[in-house]
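Peer 1: In order, the protein sequences belong to chains L and C. Note that this note's numbering numbers the first sequence so that position 112 is 112, with each residue one more than the last. Note that this note's numbering numbers the second sequence so that position 305 is 305, with each residue one more than the last.
The set of hints was computed from the structure by calculation and includes no laboratory data. Keep in mind that a hint or two might mislead.
Below, a sample of chain L positions facing chain C; criterion: calculated Cβ distance under 10 Å [unchecked claim]:
#, residue
1, E93
2, S97
3, Y152
4, D275
5, Y288
6, A310
7, W319
8, S322
One-sided and incomplete, this derived list gives chain C residues near chain L with beta-carbon spacing under 7 Å [to be verified]:
#, residue
9, W176
10, L309
11, V323
12, Q380
Since we're looking at a predicted model, the values are computed, not measured. Backbone N, C-alpha and C define an ideal beta-carbon position, used for all residues, glycine too.
Protein chains: 2
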Amino acid sequence: MARSNFPLFHSVCGWLLQKVHKSIGHPRVRLSLGQDEAFPAADADVLATVSIADQRTLAALALNPEIGFGEGYSQGRIEVQGDLVRFLEAVLESIRSANKTGWHSKLISGWLDRMQANSLRGSARNIHHHYDLSADFYKLWLDPQLAYTCAYFPEPFSTLEQAQVAKMDHVCRKLWLQPGERVVEAGCGWGALAIHMARNYGVKVRAFNISKEQILIARERAKEEGLAGSVEFIEDDCRNITGSYDAFVSVGMLEHVGPQNYEHLGEIIDRSIGDTGRGILHFIGRNYPHPFSPWIRKRIFPGAYAPSLAQAVTILEPWDFSVLDVENLRSHYARTLELWLDGFEQSWEKVVQLLGIETARAWRLYLAGSIAAFRAGNLQLFQLVFAGAKCRKIPWTRAHLYSEQQVEQKDREWIRAIS
Amino acid sequence: MARSNFPLFHSVCGWLLQKVHKSIGHPRVRLSLGQDEAFPAADADVLATVSIADQRTLAALALNPEIGFGEGYSQGRIEVQGDLVRFLEAVLESIRSANKTGWHSKLISGWLDRMQANSLRGSARNIHHHYDLSADFYKLWLDPQLAYTCAYFPEPFSTLEQAQVAKMDHVCRKLWLQPGERVVEAGCGWGALAIHMARNYGVKVRAFNISKEQILIARERAKEEGLAGSVEFIEDDCRNITGSYDAFVSVGMLEHVGPQNYEHLGEIIDRSIGDTGRGILHFIGRNYPHPFSPWIRKRIFPGAYAPSLAQAVTILEPWDFSVLDVENLRSHYARTLELWLDGFEQSWEKVVQLLGIETARAWRLYLAGSIAAFRAGNLQLFQLVFAGAKCRKIPWTRAHLYSEQQVEQKDREWIRAIS
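Bound-form chain L, shown alone (with noise of 0.2 Å):
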């Protein structure tokens, strides 16, 4: 009460508050500063509300939404009373509207946004910045597996891990893979795709990621599980693949990569698969060329970028690769993520220990905005599947990915009747 007094700071904040509003495109919420500034006014019926504890929190809102309310956020300065994802996804599908026109911006701002260039060097560091924090960390809320991408739920209720396994067979169906065949990873995490394929459909994988602590947990693995002899993890940037392969994978990479790599990415595929080839690329994407969050750049992931479908196409076109197959996910990865919180939320102590709360805060946000934007559109997850100019192993329909054996069986004599 005792800021009325000062007629002209109240008038200031309120009208700070509902510039901040609008610049979210006035979605159902209410932003509060303190206890007697508010906007919309109490009566209106709001999905949540954001208190913001201070004045700098506010003017550091007003002049950068995106950065000011995550580092507000992380720094426990705002709190959001209601359900933190559904506020992010109303907030989301505001701005959306908001912005349909001006597309013609959007596009090029995508195209030209070279901020965080991918060199060799900057590479490693921003994928150290993510991955190299304890896998303690991520153990408390990933699948046993330890499958940091996109889960694929068979049935809307299968449980994380069901479709974290489910998955896997997808990418393999999906590459039809053969005993015997080799395989090359690029960016492989914790390697338990790799060692999936090795071990369920007899390949011999050579996997790439150059964060040291996730290549030396997956080597473990891999002798653990008896199959050293046919996983190999290489602690090494993908652009530095050698060798040649029936197949070339990459689950959760491309988002790493950045637009101005992917014309030496086609090249490195191209090399390694050669026109007989085949390869999945399975990754986060967008409608539109659209850059990630400020914010989600600054302290989550340096460097990312997820490209539009056309962007990522372009990455195949001068090889003459043939798209097979593209579908889209962002579904499950909404539901993947849920799940995920789920098992953050659920060790938010040892979080906190682990991290310290800023970060944990940081990284609730994150996970938090991400199932929004997976829900909202915002962001999308595409699984593309392609194949060399002579690659004509191809299966004759899709119906292999989601039936019984014999389905199978039919398509593999057909191969063998075309081959």
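Could you slot chain C onto chain L? The hints should help.
Peer 2: Just chain C now, with coordinates in the frame of chain L:
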């Protein structure tokens, strides 16, 4: 033998044969001129021999191989001994291998190709060129419903009739049409799909086509089936589509649009289905931007253009549509065309009566060349499903396309649960 009296003339023709052979990348075929000139020599192992009747035809081939071959073949001045399709496939593959480098210039030439701009008037002229050939002609070799687009063969050896019905169901299931919904079809041919959707999926259809003869036949059919109340056939350019719809369908129309009109097409789709509808584009595409052969554009499909996938996706990106699913059905188009060519050859005498020998031979070459192009991968067939940013009724997986009724049922329950 007379010519051997003119050794210089003799060697010039040999040199020209060799030059033509080189320009097509030295495939395993022999080119011969009259009785005593051939390249390569008689003992080489070849798939086919191309007999060139006279020096004028050889000169035309040397100057412009594609036009020269197309015109020479149509006029009977070039004959192919051996399997015409295999011969064309071998040529396409050898040209491709020879041109593997230089993709930058190919990309640019593809994008810049604006020779036959599809203005409203231009489109009508171009479409009439092809589709106003008497329906009696198409009835000789298409399926009974006259579907003149790629069929979908659930089994490689399904009949053409089965596969055309399966294609229509594949399209309808990909769009998860619900009874009572409104559908707009851009480019409806003789109306098979529009009638199928209305009859089997209970939707209301407005179908556009600028070919008068096709529209008249389509209307007659709808009337015969008692569907005149649910399918409206409109003789107009799809740029004049008005009204709002749940789904936008276009099968085999994009090829006639031309990339200079893609932005406008996106606008039409957006105003038809807004941000809650969904749509499908079924079209002949390519691995990278490249024009059709000049002969095809001259004789068969004036103004036709098959886009790369990236080009097609750029129709949708400005409007925030999400690409949900892309399927490449190239091998299904090769199979469809094989069955068309079978029917065409079986009706050869009637075809010649209707079209005259020169046009009949041109059509044979076009059908055979298309089989070769889909087999060799010069052409692709994409089915691209997309939805507006706020479309939420999206099936959880694609299993419903491939499985029995109960899975579809489960999917519908899921849709209801999230709606």
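Peer 1: Please go over all the hints and tell whether each is borne out by the structure.
Peer 2: Here is how each hint holds up against the structure:
no., hint, verdict
1, E93, "holds, 8 Å"
2, S97, "holds, 9 Å"
3, Y152, "holds, 8 Å"
4, D275, "holds, 8 Å"
5, Y288, "holds, 4 Å"
6, A310, "holds, 4 Å"
7, W319, "holds, 8 Å"
8, S322, "holds, 5 Å"
9, W176, "violated, 14 Å"
10, L309, "holds, 5 Å"
11, V323, "holds, 5 Å"
12, Q380, "holds, 6 Å"
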